[in-house]
Amino acid sequence: VFGRDYTILAETAVLPPTASRHLSIADTPIERFISALERLWAIKALNSRGEIAHRLATLRSACLEEGEAISPDSIEQFIRFLTRYPSLDMPRIVITDNGNVRASWSPEPDRHFAAEFSGGNSIRFVLFAPRPEGGVARFAGSETEQRLVTAVKQLGAAWLRVDT
Amino acid sequence: VSIPDNHHFARYAGGSRLIDGETVDGSAFRVRPDLDADGLSGNWPEYFKEKSLEEALVEIRNAYNAKGRAIGARSKFAILSVGGTKDSVWEKEKRRIDFVHTPDCPLDLSHASVTGYNPGDEIIADIIAQTVIRLFPGWA
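Keeping their order, the protein sequence lines are chains A and B. If you count the first sequence from 1, position 41 lands on 41 in the working numbering, and the numbers rise without skipping. Add 164 to a position in the second sequence, counting from 1, and you land on the number used in the working numbering.
The set of hints was computed from the structure by calculation and includes no laboratory data. Some hints here could point you the wrong way.
Each pair of labels, with its calculated beta carbon distance range [unchecked claim]:
#1 Arg84/A to Glu218/B: 43 to 49 Å
#2 Asp184/B to Asp97/A: 17 to 23 Å
#3 Ala234/B to Pro107/A: 33 to 39 Å
#4 Ala69/A to Asn229/B: 21 to 27 Å
#5 Ile297/B to His54/A: 26 to 32 Å
#6 Pro130/A to Val222/B: 38 to 44 Å
Which chain A residues stay away from chain B? Per the calculated CB distances, all over 10 Å, these [claimed, not checked]:
#7 Leu37
#8 Leu40
#9 Trp41
#10 Arg80
#11 Pro107
Model, not experiment: these values are computed from the prediction. Just so you know, even glycine gets a beta-carbon here, dropped at the ideal spot from N, CA and C.
Whole structure, please, built from the sequences with the hints as guidance.
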């Protein structure tokens, strides 16, 4: 069993490509939410976009009901991530107590990858990945949007389906 | 006072922390900076002697209401086996966590806390989430 703290931070942060453009036309939380769903629907290669949109709408209702907020920045970052990796399977999605989208692709307890979108350019992640020689490696850290999937694949997330 | 290993711990999870209403995400077991200085909040069902888990949950919901905490319609109480969760965290990460009785007098006498991990310990939180043995509705 391996327990490590894994942190890779970008040496040069890259600005999200669409955030500032969309902020000007949709600046209330509900407008930004709808705008993000529209962008989600536009990802034609993402087979699960309908399920994801439904899940996000359900989560928004749950948050409203419990007086909690969803971060528009987080949702927009999540949609950017899906735009980058449309061949990913349908994730499990929740909202954390600080309003962030957290998506996980975890077919088994020891094959667990969860990514938390906090709205900047980096993404917090937790990864449990079995090792061929036995045992399970466990990592937590942060990585840039651009590098996250490559990094966790290198760390052992072989079950993630991405076309890179 | 540590809670015996053969007892349980009930943790409230809001609807947005639930995966399809059947599984709880690890974020529901994260210790929050400042707010959870004494550990992760929850309740000790066996504090209510002679009551079943179901009956104890009625008392715990009453305590939540008495404290003015809203219980969401989609929320659940996630039940952990104290010994099972401690063993799992030790086996997987070699960390000792503990479940302690921390009564919140006078309204929430079964209040309990999980201690031994910090806000940055996301791996521990996700391992704990994998040890949930049962979910009860937030609303009866």
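We went through each hint and held it up to the structure:
no., hint, verdict
1, Arg84/A to Glu218/B: 43 to 49 Å, "46 Å, holds"
2, Asp184/B to Asp97/A: 17 to 23 Å, "19 Å, holds"
3, Ala234/B to Pro107/A: 33 to 39 Å, "34 Å, holds"
4, Ala69/A to Asn229/B: 21 to 27 Å, "24 Å, holds"
5, Ile297/B to His54/A: 26 to 32 Å, "29 Å, holds"
6, Pro130/A to Val222/B: 38 to 44 Å, "41 Å, holds"
7, Leu37, "17 Å, holds"
8, Leu40, "18 Å, holds"
9, Trp41, "22 Å, holds"
10, Arg80, "21 Å, holds"
11, Pro107, "13 Å, holds"
In summary, this structure violates none of the numbered hints.
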